[in-house]
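Q: Line by line, the protein sequences are chains A and B. Under UniProt numbering, think of the first position of the first sequence as 1, with each following residue one higher. Under UniProt numbering, think of the first position of the second sequence as 1, with each following residue one higher.
Hints were generated in silico from the structure; no laboratory data involved. Note that beta-carbon positions come from the ideal geometry of N, C-alpha and C, so glycine has one too. Heads up, a few of these hints could be off.
Stated by the list, open to error - So the derived label-pair ranges between C-beta atoms look like this: (1) B:ARG194 with A:LEU29: 27 to 37 Å; (2) A:GLU196 with B:LEU274: 36 to 46 Å; (3) A:PRO52 with B:LEU38: 20 to 30 Å; (4) A:TRP209 with B:ALA32: 40 to 50 Å; (5) A:ASP66 with B:LEU274: 48 to 58 Å; (6) B:GLU84 with A:HIS267: 49 to 59 Å; (7) B:GLU84 with A:SER192: 40 to 50 Å; (8) B:ALA32 with A:ARG213: 52 to 62 Å; (9) A:ALA297 with B:ALA32: 47 to 57 Å.
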Amino acid sequence: MSRRWKPGRSRRWLPGLLLVSPSILAIGLFVYGLIFWNTRVAVSGRHDEVTPYGFDKGKNFVDLWDDPSWPPAVRHALLFTLVFVGGALLLGAFLAFLMEKGVKAEAGFRAVYLFPMAISFIASGVVWRWLMNPAPPERAVGLNQLFGKAGLDALANDWWQNPRWGMAAMALPAIWQMSGYVMALYLAGFRSVPEELREAARVDGASEWKVYRYVVFPQLRPVTLSALIILGHISLKVFDLIMAIAGKQIITYVPAIATYVEVFDSHDPANGATIATYLLLAVALLVIPYLVWSVRAERR
Amino acid sequence: MSVTTTTGRPGPLRALRDPRTLRALRFTVLLALVLVFLMPVYVLVVTSFKSLQEADPSTAWNLPRDWSLEGWSAAWESLRPGLENSVKIAVSGSLIAAVLGSLNGYVLSKWRFPGADAVFTLFLFGMFIPYQAVMIPLAGLLTDMELVGTIRGLVLAHVVYGIPICTLIFRNYYVTIPDELIEAARVDGAGMLRTYASIVLPVSAPAFAVTLIWQFTSLWNDFLFAVFLGAPDSWPVTVMLNNTAGSGAVAVQYNQQMASALLASLPTLLVYLLLGRFFMRGLMAGALKG
């Protein structure tokens, strides 16, 4: 081999590489190998479980848009993402903002806002399906009944069973589960802003609001970015929550559910794999720039 | 004159600038939100203690007239096999992934090889991929390995896809160990594993706690792998719960449903309540910058 090969130096790192190699192999096979294999199925004509794979030049990726259930699935996922990510981000940031200077019983507040994160979407779905029951006013239950008792009948609605806006309601339990996480991120962010910076701005005559506007909030941008990426990728993958509340229904059909339906109900691996590939692409567009950015930022 | 912009606002807003009023207002808002956050738990708890006749959506907000345990005993009966499977899957899956994560994190922070950064980034992407994108071939692969529908198959899947986050947590933790310590051990002639065993492992307890809690919670709460790769024999509690309480359930026994949902959440809730500090650190690791 080349003359730059120094056995002494490789003896230093080779054991490390060997120790990590089982994990490298596992990730290589189970993440990258299977992604490759999934893409292989997606570009095949295997629309049932016996047809040989073949190659159909990406026809599935185009044909999918003619499937009447696909465009609504994309719309549902976008609506859910918008409401869930926006809602969890705003509520979480608001909670952290209220708490950042310290409040009485802060640990207790934090514990309550965070606990839903320890619960599975399946378990929380059991109660949210009940709370978001759209029974008519005279038999109203759940939140609608509560609104009625509080004289807020105008708020009563058909929740996730509304064909147009239902996915916005479906985002409520997800906000309930994840806003505590956002709160934790922002709380750490707020508290990493050095007090001297705020003090300096105050000495310069800035009002408390201006201290936030020009000193604190700009420092929170990396936190916002992290939270956006994490919530965004959770949102695109959401599966359990919808299965627990609605099961497989046209009204709540999203790509993450569609993969399952294509594989198990329609027995169409090629379509299932195509949808999964679209899902992967959406997540990759979001996550890869972020990963590269944060690994680089850390190197600096 | 410029001072007036900060002191001369109209009446109601002026009160808001009084620190005591502000503090009271903040506290009230936080308290109101606590009630909103606890509302689903209230419904779960009171309904789980109602008798079958009394457990009805129309009286969801009322306290039980007479407290009954029938929902809980029915839940226990129907969920027990699932709970056992969940314990097996979550405990062994988290332990194995934590050990691998510790070794990987050690090498990637202290015994780096050329290309270690690239390997780490490729690992991290595995943390974010939608599992739907690997499910179809994974089910095929596990079928070929005769592991589909078994507990071992589920553990294998969880371990492999748990490697990224475990590696991340340990790497971020080990970065804080001074390089000089590792270097000194090297100079003394200690090899990689010796250094790991005598210097790194003894201080790893907090990182193990974070990783194990984080893994245990996500394995316990998993549903996707379980429905794609499980079988009735190996179904964890989430699938069992969804089957008894799911939208397709035949007879609707609300007291049992709510008790089941609580029962299935107790282990992770206990972990969260008892070891919340470590849970939080796992959370932060998920945001990459621990």
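Q: None of the hints should be skipped; say for each whether it holds.
A: Against the structure, the hints come out as follows:
no.: 1; hint: B:ARG194 with A:LEU29: 27 to 37 Å; verdict: 30 Å, holds
no.: 2; hint: A:GLU196 with B:LEU274: 36 to 46 Å; verdict: 37 Å, holds
no.: 3; hint: A:PRO52 with B:LEU38: 20 to 30 Å; verdict: 56 Å, violated
no.: 4; hint: A:TRP209 with B:ALA32: 40 to 50 Å; verdict: 23 Å, violated
no.: 5; hint: A:ASP66 with B:LEU274: 48 to 58 Å; verdict: 54 Å, holds
no.: 6; hint: B:GLU84 with A:HIS267: 49 to 59 Å; verdict: 32 Å, violated
no.: 7; hint: B:GLU84 with A:SER192: 40 to 50 Å; verdict: 44 Å, holds
no.: 8; hint: B:ALA32 with A:ARG213: 52 to 62 Å; verdict: 26 Å, violated
no.: 9; hint: A:ALA297 with B:ALA32: 47 to 57 Å; verdict: 38 Å, violated
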